[in-house]
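Protein chains in written order, with the numbering used here: chain A, 49 to 416; chain B, 49 to 416.
Source of the hints: derived by calculation from the structure; they are not laboratory data. You can trust all of the hints, since none of them are fake.
Note that identical chains are pooled: a pair holds if it fits in a single copy or bridges any two copies.
Cross-link-like lysine to aspartate or glutamate pairs, in silico, DMTMM-like; alpha carbons within 20 Å at most:
1. K392 - E320
2. K72 - E320
3. K72 - D172
4. K188 - E101
5. K224 - D104
2 protein chains.
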Amino acid sequence: MSLSYESSGVNYDQLDAFKRACQKAARTTAPLLEQHGYSEPATTRGESAYLMEADDHFLAHVEEGLGTKNLVADVVYKQTGKNFYREIAIDTVATMVNDLITCGALPISIAMHAAVGESAWFTDEKRMNSLVEGWAHACKKSNAVWGGGETPTLRGIVNAETIVLAGSAIGKISPKSLRITGEVRDGDQIVFLASSGVQTNGLTLCRKIADQLPQGYQTPIGFGDTRTYGEALLAPSVIYVEFVRECQQRGIPLNYVAHVTGHGWRKLMRLEEPFVYEIANMRPAPALFQFLEKAGPITTKEMYATFNQGVGFAAYVSPDVLEATLDAARSAGYDAWHAGSVKKESTRKAVTIPSLGLAYEGDTLQVR
Amino acid sequence: MSLSYESSGVNYDQLDAFKRACQKAARTTAPLLEQHGYSEPATTRGESAYLMEADDHFLAHVEEGLGTKNLVADVVYKQTGKNFYREIAIDTVATMVNDLITCGALPISIAMHAAVGESAWFTDEKRMNSLVEGWAHACKKSNAVWGGGETPTLRGIVNAETIVLAGSAIGKISPKSLRITGEVRDGDQIVFLASSGVQTNGLTLCRKIADQLPQGYQTPIGFGDTRTYGEALLAPSVIYVEFVRECQQRGIPLNYVAHVTGHGWRKLMRLEEPFVYEIANMRPAPALFQFLEKAGPITTKEMYATFNQGVGFAAYVSPDVLEATLDAARSAGYDAWHAGSVKKESTRKAVTIPSLGLAYEGDTLQVR
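For reference, chain A alone in the conformation it holds in the complex (with noise of 0.2 Å):
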C-alpha cells in the first residue's frame, strides 16, 4: 500500500473546520481598522499574509510555525551529534517571510517564538547558540529586524525533550502599487525558483518513512546524492525575500506568486480565481524526492500532491517580462526557471504536467 499524507496522520477535516468557525469570527472584526486609518482589503482573507489598507502604505501580519520539522533534527543529533538547529532557526523564519512576500510586503520586523517543555531544554548550549545564530542570519537573510520574542516554558504542554518553534512577521508595502494583487491574465508566464529540498513541509509523512527504514535517518538517499536522508531533510529552506525585492527594484510587476508548502503543486492554483497551469518544462525531481516516493511507496501523483518536488516558490508574469523576471531571479542568486504558463479554460481551476500525465483539480485544494 502507498503511503499518503491524510495516512501519516494529520486529519484536514478536523482543522479545516476550526480554520473556518476562525476566518468567520475574524471577519466580524475587520471594521475595527477603521479607527486607525486602516481597511480590509476584499481578497485578503485566504490568502498567506493578512493585509491592512492605508493611504498611502499596506502592513501585512503573518503568524507562523515550523511544524514538527525540529523532530528530525532531535533525533539526528541524538544519533550522529550533528547539531541542525542553525537550519531548523533558519527554517522557522522561512517559513515565516516566504508567505509575507506573497502579498509584495517586505519584512520589516521578526518575532520569535520559542516554547519548551522544560527550561533544561537550553542547558544544551551548542543547540542554544545555534538556533539563536541560525534565526539572526535568517533575519538578515529577510532583511528585517530581528524584534523580540517569547520563550515560555510550557511544562505538561510541551514534550520535555522538544521545543515548538514559531513566530510572527511584520511587513509592509510601499508605494502601494508594489503589492501583488492577483491579476493573473490568460497567458501568464510561470516561474519556478528551485527550493532546497522539503523545506518545512511534508515532515510528518517523512518521519513515517523514516520509521520504515532499517538505517533510518542514516539511509543514503542515493539517486546520485552522497547525503544521508537525515541530511537532506535538513536542508535549510531558501529564503525568497531577495527575489521579490529584486523584482520590485527592477520595476517587474509580479501577477501572483505563491509559497509552494502544504499542499504540494497544489498551492500553484491558490489564487481564487479560476485557472489552469500547465507545468511543461519539467525538471526532474530533486534526488531526497525520488529516494522518498521509493522509500514510501507514494504515488508520483501523491507525491506531487504533498511536497515542493524541488520548487520552493512561483510566480506567474505577463510574458514580456518572462526574461526580465528570470534574470532578476538569477541575479539574486536563485536558481530559477521557465516552468510553464497559464491559461483560461472557463472555469476550470487546475494544476496540469502533461509530461507526466497528471491533473489536480481546483476541488483538491482547500484552504479558503
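Following the hints, put chain B in place on chain A, whose structure we already have.
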C-alpha cells in the same frame, strides 16, 4: 515549608541564558530597519513591546503566549463540564495587547497561534467555538482586527490533550508624541488598575497548589468569595487598551506604565532608571490571593513577588494629572485607585510596601 515560584519548577536561570543570547544576536539586526525607513529607539530592547521609529509614527510588535493556564481549564472542564475556553482566549489576547500598550501603541492587528498535538482536539465543538468566540470578543475589546493566524498539528511535540495558545500583535503610535517613554520623575504618582484575579501569571504554582488540595479546583476559596478555586483562577484577564486610549484622547501624559505579570509587583520597577516606588495606599489582596497565601502556604513577601495581588496594570503620572488619570480610567470602566508615589533615592531601585514592611530591591528583577 512554604512554596515559591522557583520550587514550582520553572528555572529562570536556564531560560534567561537563552533570552540573553537572543537579545545579543537580535541587537545586531537593528541596522536592517534603515532600508524600510525605520530605526530602533535606543531603549526599546527589554521593554514589553518592540518599537520601530519612522518619521511620523512608531510601529510596535509583540509575540506572546498564554503559558499553562489552559491546563487549569482542561481539568475543570473534565471535572465539572464547565468550559472556560472563551475566557482562555481572552487571556491569550490580553497578555499580548497589555504588553503592547505599555509603549503607548494601540493594537491594530492580532494573529492567533493555536498548536495542538492531535487535530482531534477540535472535535469538541463547544470548546472550539468558545475559543473562537472569546478570541473575537477580545479583539473587539482591544479595538483590533483579528488578522489571521496559524493552527498546526504538532504530534510528538504538543501533548495530545492540550493546546499551545499564543499569538502576535501589531500596534502603532501616531502621532509620535503619544509614545510612553519612561520619563518618570521624582514625585510622580502611581495609579493602579484592578486585575480580575491571577490573569495569566503564576499558574504553574497555582496548579501545584491544586494538587495539594483534597478538593482540588473544586475547593471554595472563601474569604467572602463564593467561587471555587478553579472558577476564580479562570476569570478572564482584564484588557487595559481602553485605559491607554482614553488617556491619549484626553491628552493625559503617561510617564510610564507597567503590565503586572511575571515577577508580580517587582514588575513595577521594570524601568531601567532607578527609582523607589512606594505603595502607600494598600487595598487588601482579593480573596483568591488570600486563599493562595494560606493554601500554599506562601509567604506574603513571595506572594507580592510572584502574583499581581489584584493589580493588573500601573501608571506613573505627574501629580497634576493624577485626578484626571483616575477619572479617565474610571470612565473607561476600570477600577482604579491612587496607590503611591515615585521617589528618587540616588541609585536605589526598589518597590516598597511600608504597611506590610516589604521591600523588593532592583537586583531581584532581571528582565533585560
